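Engineer: Go by the hints and put chain B onto chain A.
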Amino acid sequence: MPDRRRRTVLGRRASRRALREAATGYLLVLPALATFAVFVFYPLGRAIWLGLYRTSVSPNLPSTYVGPSQYASVVSSSAFLGSLWRTILFAVFTMPAGIALGIALAMLAHQRLRGIQVFRTVFSSTVATSTAVASVIFFTLLDPQIGLLSYWLGKKGGAGILSDPTFALPAVSVVSIWQNIGFTFILMSAALQAIPDTLLDAARLDGASSWHRFRSVTLPLLSPTVFFAIVVGIIGSFQAFGQIDILTQGGPNNHTMVLIYYIYQSAFVNNDYGLAAVASVVLFAILLVVTLVQFRFVERRVFYAT
Amino acid sequence: MPESNQPDTSGRGEQAWLPRKPLDRRSFLAGATTLASAGLASSVLAACGASPKPKTTATSTPKAAAFPIGAAARASGKPVGITLWHSMQSANLEALTTMTDQFNASQGDVRVTLVNQNSYPDTLSLYTAALAGGNLPDVVQIESEDLQLMIDTRSVVPAQSAIDADHYDLSDFLGVTVSYFRVGSTLWAMPFNISSQVLYYDQNAFTHAGLDPSKPPTTLDGLRGAANKIVQAKVAKYGMALKLSPSTFDEWLAMGGGTLVNNSNGRQGRATRVTFDSSLGKSIIGFYAQMFSSHLAQPASATTYDNLVAIGNGISPMTLETSAALGTVAGLLGGYKQVKLGVGPMPGPTGNGGVYVGGAGLYMVSKSPPERQDGAWQYIKYLIAPAQQATWAAASGYVPVRKSAVDVPVLKARWASLPGFRVAYDQILSSPVTAATAGAVMGPANQIDTAIQDALTSVSQGRPAAATLAQAAATANQALSSYNSRVQG
Chain A
840 MPDRRRRTVL
850 GRRASRRALR
860 EAATGYLLVL
870 PALATFAVFV
880 FYPLGRAIWL
890 GLYRTSVSPN
900 LPSTYVGPSQ
910 YASVVSSSAF
920 LGSLWRTILF
930 AVFTMPAGIA
940 LGIALAMLAH
950 QRLRGIQVFR
960 TVFSSTVATS
970 TAVASVIFFT
980 LLDPQIGLLS
990 YWLGKKGGAG
1000 ILSDPTFALP
1010 AVSVVSIWQN
1020 IGFTFILMSA
1030 ALQAIPDTLL
1040 DAARLDGASS
1050 WHRFRSVTLP
1060 LLSPTVFFAI
1070 VVGIIGSFQA
1080 FGQIDILTQG
1090 GPNNHTMVLI
1100 YYIYQSAFVN
1110 NDYGLAAVAS
1120 VVLFAILLVV
1130 TLVQFRFVER
1140 RVFYAT
Chain B
16 MPESNQPDTS
26 GRGEQAWLPR
36 KPLDRRSFLA
46 GATTLASAGL
56 ASSVLAACGA
66 SPKPKTTATS
76 TPKAAAFPIG
86 AAARASGKPV
96 GITLWHSMQS
106 ANLEALTTMT
116 DQFNASQGDV
126 RVTLVNQNSY
136 PDTLSLYTAA
146 LAGGNLPDVV
156 QIESEDLQLM
166 IDTRSVVPAQ
176 SAIDADHYDL
186 SDFLGVTVSY
196 FRVGSTLWAM
206 PFNISSQVLY
216 YDQNAFTHAG
226 LDPSKPPTTL
236 DGLRGAANKI
246 VQAKVAKYGM
256 ALKLSPSTFD
266 EWLAMGGGTL
276 VNNSNGRQGR
286 ATRVTFDSSL
296 GKSIIGFYAQ
306 MFSSHLAQPA
316 SATTYDNLVA
326 IGNGISPMTL
336 ETSAALGTVA
346 GLLGGYKQVK
356 LGVGPMPGPT
366 GNGGVYVGGA
376 GLYMVSKSPP
386 ERQDGAWQYI
396 KYLIAPAQQA
406 TWAAASGYVP
416 VRKSAVDVPV
426 LKARWASLPG
436 FRVAYDQILS
446 SPVTAATAGA
456 VMGPANQIDT
466 AIQDALTSVS
476 QGRPAAATLA
486 QAAATANQAL
496 SSYNSRVQG
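So the protein sequences, as listed, match chains A and B.
All residue numbers for the first sequence refer to my numbering, where the first residue is 840 and numbers rise by one.
All residue numbers for the second sequence refer to my numbering, where the first residue is 16 and numbers rise by one.
Only chain B is shown next, with the shape it has when bound in the complex:
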């Protein structure tokens, strides 16, 4: 407190280094003001000072040891305790907890503890912070787009090494779920909760506008045509809500067969430049510009579900959103009696591409001792088995990562009652495995996302489409080279 910094020295024995004035209003305010400024400066600096200590010597690269298959069963102290850091909430969390309890009860070698880290960004920052010194999990669920960063942390045992050692068969898996997490010939993480974008629309609005609700648009031209009909028939103010989010742009690029970054979307070598400013990218952002300027689409915030609310309140009867939101959407729109929710495959540019997947993968941590690495692999294998993937997909709305899960009764029954849940699976199943549909693997994924999002925002403000895309490419290229210069080793 300021008083303690201003001792009362009105008595005897004053020295030059002691404050000579008694405390008054002036010095109180002055003292308080100085303290307040010192307080801010220190809190800012403390935040950065807490960061890890720089080292000047290079650490040795981890050697490719054989995966310790069976180490958990041979461990002296059983069961082997392992930890999963995840970001699942509500219904998804319940399903994950149930599956984990069943796994723990099904065998005596491995005991899994779940740690809920709230969100993908939180999990990632806690994980990287723990790498600098702290308790690491044995398995961590990380959002798909952070693949390159996870590789660059050099803290991961590739799933490939366990697959090779265990002769695990991936032929039952949906092609693009595996190709997403594969760089070169190494599968880094196991796909676990997978989704893709789909079309959500109000079937009643389609009927009122003279459109066939059983045949939602599948191309960009079809989308524009349907939006136009809805606006012309005065069924709604806009034909659709178009999120200013990079995921739709990225999905369209993949559907048109285009890549986001060079070196085959970063699959054949580290991405060094973006390629989204191609003629395909230009035509996609031109589509955005045209939809906004003709008032056929309303721009919607990238970070909220406003686009879904717009279906409910009848402002925009169509939107594009991740299939993982279907549970939320169905619940939300249940409150709007005049709306009959329809789900269609993602409309997009016609080309030799297909959808790429979103969601998250499970990574095994290399710092764990062999028995825990093996325990992690046993647990992951359990979670991606057909029965568990069926349970998981039925409870969560995510797409099962393997084909045989579709024949499991629990999922069959769920999809029979709610056919909308099947749409994302079908389009992921039919998506060809190419560099475009693998999705981009790039270090500064977050910054490149922001650059694309900024371009979409500018276009929604009426700025020229081609120039904003070029600007986004320049910003993204700078982010890529800055990131790549910091990778080292």
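In isolation and in its complexed conformation, chain A is listed as follows:
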């Protein structure tokens, strides 16, 4: 980068001009910054502060200052740790399978065939479904009395898959995978189309098999998109709320009580805002660390074509 050398020869006037330009830049960023300050930084500060209080059973009543000990007691509670563990399980269930399916469908649809657009539309259609709609569809399909899926799985009668502690979280995961498949498919399709044919042609001329071409050419070139999908997927699985609220409400026996639902229940069902604030701040910290770790370690293995 030639900037440093150049900067030393610039005169004071140029530097002042640069300063003015930077000021203009900050001025332009100001509206976005103000929005962030009001809707992100301020609530963040308030949540951290609220975590120091034991809030009353009703929000019109005074709260008691209990200090940082509330952070320690929440973080070490089995309810919190259990919900964190189930969130990790949920991410493990949904993310690898979702990304693999997305790549597989994108490869399938990345053919020059008549009518392939129909399949592309079908594969990406779930992106147009809201979580609520997807959940209600699967709720009906999984119903033990009238559900088609329950019938096929031999689970007719009884309390149903969603009331079964063993299968509830996998079932919710399947719904999430299904709902996110459209988004992953579109991401991967776009990435596939950006891969220059010349590279694959060269590999073909070198005698690489189709699997070899996929592994050694396509996949490395997809890696930035896969990385993006992993980060978004992890965040998405920490964010999974709608499907759990509609399908299981955190049950049976807390087996689908992921962190975000635990926060929701604590705050808006039990009116325990202090506890919920602590859990939210911890969730924020976890996501921050996860994202940093991903950038630090995973990104090194990503191949960026420039």
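Mixed in with the good hints, there may be bad ones.
To be verified - Going by beta-carbon spacing under 8 Å, a handful of chain A positions derived as facing chain B:
hint	residue
1	ARG893
2	THR894
3	VAL896
4	LEU900
5	GLY954
6	VAL957
7	ALA998
8	SER1002
9	ASN1092
10	PHE1107
11	ASN1110
Rather than coming from a laboratory, the hints here were simulated on the basis of the structure.
Computed from a predicted structure; not experimentally measured.
All C-beta atoms, glycine included, are put in the ideal place defined by N, C-alpha and C.
Structural biologist: Coordinates of chain B only, in the frame set by chain A:
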């Protein structure tokens, strides 16, 4: 958008605090990823940050002022406008709207506006949110089990103060409808829409199994016997569908004369520990375990009407469900021609107890000015008058809260044509007024419900009944002490 965060600085005058790289795929994806993570974290935090601001000073407790009877009539600007937040839908909503229109037309002092808040949980959370700062209604319909929480919000004028000031007579009311909303000697809310659990069964299945359809089982042993006969005769796969819902467990506890929590179900003092892990509670959960393990009962989801569908499709010809569902049940089963719906009183343990009531009560809000408090009371009195309770019960399927409503022609005619609607009334009428049949008043009602529901789910999975009940009691006790520590004042 990511582009705007990465200004093109390839030109002159670059500074250290400005990004030095032009936008490329790498930084686009990196930027988008960072934005996405920031987005989640902020949305989570915003949800909690929106909660009310903590205060460290205690507010003064509301003083017990005399109820302003007649304030609406004396108000300078008439009619006095009041608002009711409710959760009634479809047929119930129509009936409530009609009654309210009639009330508005019947006098010139008070004008009621209905606000539909969709469901009991929604109404409750909107109400508590409004307490922190927002528009409150003058009357709010809250689900029965949230009584302790409503008391603890310190935002309610007890119905008792209006009753005392107005010399209102409660002797016509069904005992357990009033005892539910009474703590100590204070009636907090007026019972309005009341129900209890009943037995729904297919009379044709009873006939095929050699059971008398006119004599449905009334005890737990009878229930097991009937289920056994149905399964033995191969009339259905299961004898009954048993919901994994705490309401049936709670109802059986009350029928056996047992309490859910201490201090006489929270009536003589704040509940501090649960009592449902008593020998009665153990025998009830043992009954569940036995019914499931012997395949006489199929477990049914707590949150759906699958148990009713199971009657229709012939899998389980008996189930226990709230009487408020009767309209739905009758409509649903109308589509199944082979089913002849029967309604029986709730079978349960024999003891000195009886059924307790479910449903909702009407609360008056203390922040309302005197003329609106009085208006609220006038409106509530109208809704619980015999004529209105008869209309209401006939249209909705709820139980009338007072005895004289039964003689009103509209309800008489309805019950004559559909005797099933009378079953819940009769069993509520005959339920003795005790601590057990008053039902439990406890702060974390929702969490205790969940603990019991979890125990029932475990039992349906074949876990040992006594151990799961002990676990539920431990969880519920923890919820109680956590709630009680947050009450303050």
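Engineer: All hints, please: hold or fail.
Structural biologist: Each hint tested on the structure:
no.	hint	verdict
1	ARG893	6 Å, holds
2	THR894	6 Å, holds
3	VAL896	5 Å, holds
4	LEU900	6 Å, holds
5	GLY954	31 Å, violated
6	VAL957	30 Å, violated
7	ALA998	4 Å, holds
8	SER1002	5 Å, holds
9	ASN1092	4 Å, holds
10	PHE1107	6 Å, holds
11	ASN1110	6 Å, holds
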